[in-house]
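Undergrad: Chains as they are written, first to last, in my numbering: chain A, 1 to 466; chain B, 1001 to 1466.
Hints may be right or wrong, so weigh each one.
The calculated lysine to aspartate or glutamate pairs, modelled on EDC-like cross-linking and capped at a C-alpha distance of 20 Å, are [what the hints assert, rightly or not]:
| id | chain 1 | residue 1 | chain 2 | residue 2 |
| --- | --- | --- | --- | --- |
| 1 | B | Lys1423 | B | Glu1459 |
| 2 | A | Lys25 | B | Asp1393 |
| 3 | A | Lys423 | B | Glu1427 |
| 4 | A | Lys423 | B | Asp1431 |
| 5 | B | Lys1423 | A | Glu179 |
| 6 | A | Lys152 | B | Asp1393 |
| 7 | B | Lys1091 | B | Glu1123 |
| 8 | B | Lys1025 | A | Asp393 |
| 9 | A | Lys423 | B | Glu1178 |
| 10 | B | Lys1423 | A | Glu427 |
| 11 | B | Lys1152 | A | Asp393 |
| 12 | B | Lys1423 | A | Glu178 |
| 13 | A | Lys423 | B | Glu1434 |
| 14 | B | Lys1423 | A | Asp393 |
| 15 | A | Lys423 | B | Glu1179 |
| 16 | B | Lys1423 | A | Asp431 |
Derived CB-CB ranges, DEER-like [claimed, not checked]:
| id | chain 1 | residue 1 | chain 2 | residue 2 | range |
| --- | --- | --- | --- | --- | --- |
| 17 | A | Ser248 | B | Gln1409 | 28 to 36 Å |
| 18 | A | Val118 | B | Gln1409 | 42 to 50 Å |
| 19 | B | Leu1080 | A | Asp393 | 27 to 35 Å |
| 20 | B | Arg1349 | A | Lys40 | 13 to 21 Å |
| 21 | A | Glu334 | B | Glu1067 | 55 to 63 Å |
| 22 | A | Pro345 | B | Leu1080 | 14 to 22 Å |
| 23 | B | Glu1108 | A | Ser248 | 41 to 49 Å |
| 24 | A | Ile236 | B | Tyr1281 | 30 to 38 Å |
| 25 | B | Asn1381 | A | Asp393 | 43 to 51 Å |
| 26 | A | Pro435 | B | Tyr1367 | 48 to 56 Å |
| 27 | A | Pro435 | B | Pro1048 | 50 to 58 Å |
Because the hints were derived from the structure by calculation, they are not lab data.
Where is the CB? At the ideal position from N, CA and C, for every residue including glycine.
Residue-level listing of the chains:
2 protein chains.
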Amino acid sequence: MGEHLEKFFEPKSVVIVGASSHPGKSGNDVIQNILANDFKGDLYFVNPKGGEIEGRPVHTSISDLPEGIDQAIIILPASLNVEAVRQVAAKGIKAVVLAAGGFSEVDEAGESLQQQLVDVIKETGVRVIGPNTSGHISTPHNFTSSFFPLGKVPRGKISYIAQTGNFATHTMRYIITEENFGVSRVIGLGNKLDLDESEALEYLAQDPETSAIFMYLESIKRPRKFLEVASAATRIKPVVLLKGGATSQGARAAVAHTAAMATDDRIADAAFKQAGIVRIYHYSHLFMAAKALASMPLPPGRRVSFLAPSGAMLVCMSDLCHRDLGLEVPQLAEASRQRLQEISPDFIRMRNPVDIWPAATVHGVEYAYGEGMKAVLADPNIDAVVVVLMLTDGTGVPPLDFVVEAAAQFPHKPVYVTFSGDKLHMEAGKDFLEPRGVPTYRLVEEPFEVLSILARCTEAMNRPQL
Amino acid sequence: MGEHLEKFFEPKSVVIVGASSHPGKSGNDVIQNILANDFKGDLYFVNPKGGEIEGRPVHTSISDLPEGIDQAIIILPASLNVEAVRQVAAKGIKAVVLAAGGFSEVDEAGESLQQQLVDVIKETGVRVIGPNTSGHISTPHNFTSSFFPLGKVPRGKISYIAQTGNFATHTMRYIITEENFGVSRVIGLGNKLDLDESEALEYLAQDPETSAIFMYLESIKRPRKFLEVASAATRIKPVVLLKGGATSQGARAAVAHTAAMATDDRIADAAFKQAGIVRIYHYSHLFMAAKALASMPLPPGRRVSFLAPSGAMLVCMSDLCHRDLGLEVPQLAEASRQRLQEISPDFIRMRNPVDIWPAATVHGVEYAYGEGMKAVLADPNIDAVVVVLMLTDGTGVPPLDFVVEAAAQFPHKPVYVTFSGDKLHMEAGKDFLEPRGVPTYRLVEEPFEVLSILARCTEAMNRPQL
């Protein structure tokens, strides 16, 4: 178990069967991705036309390849996949990525092709990701098999298992360009002919390069195995799941997408919970929560304090925590409360949540917010802090180092920032804070939604043994 | 009723009592705002120091003012407000905005001052917004009393009634800089000593410059009157309410913010529903839903179609509609389905929601999305359409005119756009589409959340008479 998966995630040599010299073709995009990610291993190309690609020779057949290549990425029409697998296996290749669609997700002819693939996998003993996968990513090894133009993928400790092509493609572009966090392994499962979510989860659970696992699944191939693996994995690191097809309408869409069988969602839900899997229902939470974990610890619990420049936001976010998110907004310890009172005008009686603007009008934003953050972060009643910064031309925009410094003093409690005010300054605040390890969120509700998800992860990791 | 409110919203002349020549002072910021908004009426300043501000003379006392000014904005310490109101009333001024805090929201001395204000209002018959208000905005009249640096506020048909200073201040800056829609009237109610939400709602219900009303309230001063006014208003235009203090924790925060009394939320909820008020629970929805109404019609119903480049998004959004939002994703009429099938490869059987990427790979993004949008917009089974555009460097970014053109052909059905892919192109898409009347949303869930709110508005307007 896991041995051949290393040849997927840490290959020393890779061959692209169906390599192309034409920009915009999948067989070329995959090469551009591998080069953009500075892959250090040996790279081989196969195309019957021969010639050169990116200054490297192209082998005209698989049989011309040397023995002992670790991994093959096969980018050929569906009908040619069975023979290609047989040939790469004959060359001693143990790990194969099959990009082509056109198998059981399409029609009866595809089903027949898929059955032949099953047979050749069994016969040869190769391990396969796909078919119908957009590929996988392994930043610790500077490698990807994705044929979607990605560019350099930033390295981090978040890993994804996805029964959709999105995560090695356009969602990864979104993460790279907007969410500013790095990933470790990304696995597009495709049709799950061989490698499935259970084995992928088992691999990532023991992977030292993965600190948290996010999954999008529409079906579970071996439910018993999956729950067994998850029960162990969720004690080691957070495991978050978005299960597509939670409703009859969604399930119908899932049949069209991945031919997923509908399951009784309530039974699945209970089983997931027992296995410590934290279930989510918003696609966007797959990257919002990941961003928080990429640079901040898990919240030790559900007790949140927040600082806002607006009484209405204090009220609305208290409602949100209490009504929708299962978060507590507890009373502060007296020492913290007194500290907040010290920096505030007399007319306001300080409490949690923290109305920080009166203090800011007296002491300035930097001092008031900075001291306020430290007061609540030091509070033993508080597990996590959300800071709502008001940034407008009119009220002035201070340097935001104080946020980074206050957060750094309390490395065991997460701090998230959100904004109100001018787009320009919110963007600048995000661009300053995120590279310094403080996640930011555009809308005021979002950091609370993330805390709610991650507090459940903590509880799952600490759940009693049955 | 309503007569003196015109002097708030359509003043021909305004005096600022407490005008200041010092940038950054409230008594100066209000002047900058009025000038930035191109107020056409006469402007007077009062300050005991006299002199000039912005090239205009400053009167040293209220008694020096001419008779018959429409409105006074009083920016003085709380203790000076009673006398100032008495003096402006003596000059025939009928509409007064009181900016100062420091009344009943603070302490017992403030309560006493507030009682004196009540008495002087009764005695003089002036109408008052505030005290403790950040002011109001009336773009059809190029006017604002806000003392928060706003700049020019774009004109539109959305109006806000807010029991918080946010909407004439930093939330307005957010709307102006990020959400790209215009407003008509914005009323910061402050302590609601005189003008309250019931009268404001009655005014906006008959206001031809207001097409939709959004409210943030923490308390309701005259519940019976409010529900009576709302019952009529909600038949004419959408009325959306975020009620702060929906939970016991939120209610405690509301006591600290506006001294709002807690109400039994379930009883309030039933009464709001009967009055046709559409209740929301997210602060951010106050501007997300407003943006949709600023340029698109109300959805005629709950039946949505959406086009996405990703099977997983089709699945997840179907789940979201069905599980959380009460939206239907119905079968398409056969003519629409056939049209979608015509533009798609044979291997995919087209349905609602619409997997548009296969068609895009054959015909290009513009043709596939454009024709796909027209097919579902023409469908009698469909009330609204959400378009998920995938925009990345690798897949190419076409001109987005096709979205505007398809939407324009079906002016009675709303079209919202959301994105997946590169931040740069998503931002450019937003900047292109929103000025052309197509609202965009950053996260894929958001347009569906908005549709759910606005479909309830349609149902409220069409609800049976009791």
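Undergrad: Evaluate each hint against the coordinates.
TA: Here's how the hints hold up against the structure:
| no. | hint | result |
| --- | --- | --- |
| 1 | B:Lys1423 - B:Glu1459 | 36 Å, violated |
| 2 | A:Lys25 - B:Asp1393 | 14 Å, holds |
| 3 | A:Lys423 - B:Glu1427 | 12 Å, holds |
| 4 | A:Lys423 - B:Asp1431 | 13 Å, holds |
| 5 | B:Lys1423 - A:Glu179 | 9 Å, holds |
| 6 | A:Lys152 - B:Asp1393 | 13 Å, holds |
| 7 | B:Lys1091 - B:Glu1123 | 14 Å, holds |
| 8 | B:Lys1025 - A:Asp393 | 14 Å, holds |
| 9 | A:Lys423 - B:Glu1178 | 5 Å, holds |
| 10 | B:Lys1423 - A:Glu427 | 12 Å, holds |
| 11 | B:Lys1152 - A:Asp393 | 13 Å, holds |
| 12 | B:Lys1423 - A:Glu178 | 5 Å, holds |
| 13 | A:Lys423 - B:Glu1434 | 15 Å, holds |
| 14 | B:Lys1423 - A:Asp393 | 24 Å, violated |
| 15 | A:Lys423 - B:Glu1179 | 9 Å, holds |
| 16 | B:Lys1423 - A:Asp431 | 13 Å, holds |
| 17 | A:Ser248 - B:Gln1409: 28 to 36 Å | 33 Å, holds |
| 18 | A:Val118 - B:Gln1409: 42 to 50 Å | 48 Å, holds |
| 19 | B:Leu1080 - A:Asp393: 27 to 35 Å | 30 Å, holds |
| 20 | B:Arg1349 - A:Lys40: 13 to 21 Å | 44 Å, violated |
| 21 | A:Glu334 - B:Glu1067: 55 to 63 Å | 57 Å, holds |
| 22 | A:Pro345 - B:Leu1080: 14 to 22 Å | 19 Å, holds |
| 23 | B:Glu1108 - A:Ser248: 41 to 49 Å | 60 Å, violated |
| 24 | A:Ile236 - B:Tyr1281: 30 to 38 Å | 36 Å, holds |
| 25 | B:Asn1381 - A:Asp393: 43 to 51 Å | 48 Å, holds |
| 26 | A:Pro435 - B:Tyr1367: 48 to 56 Å | 40 Å, violated |
| 27 | A:Pro435 - B:Pro1048: 50 to 58 Å | 52 Å, holds |
Hint check: violations occur at hints 1, 14, 20, 23, 26; the rest are consistent with the structure.
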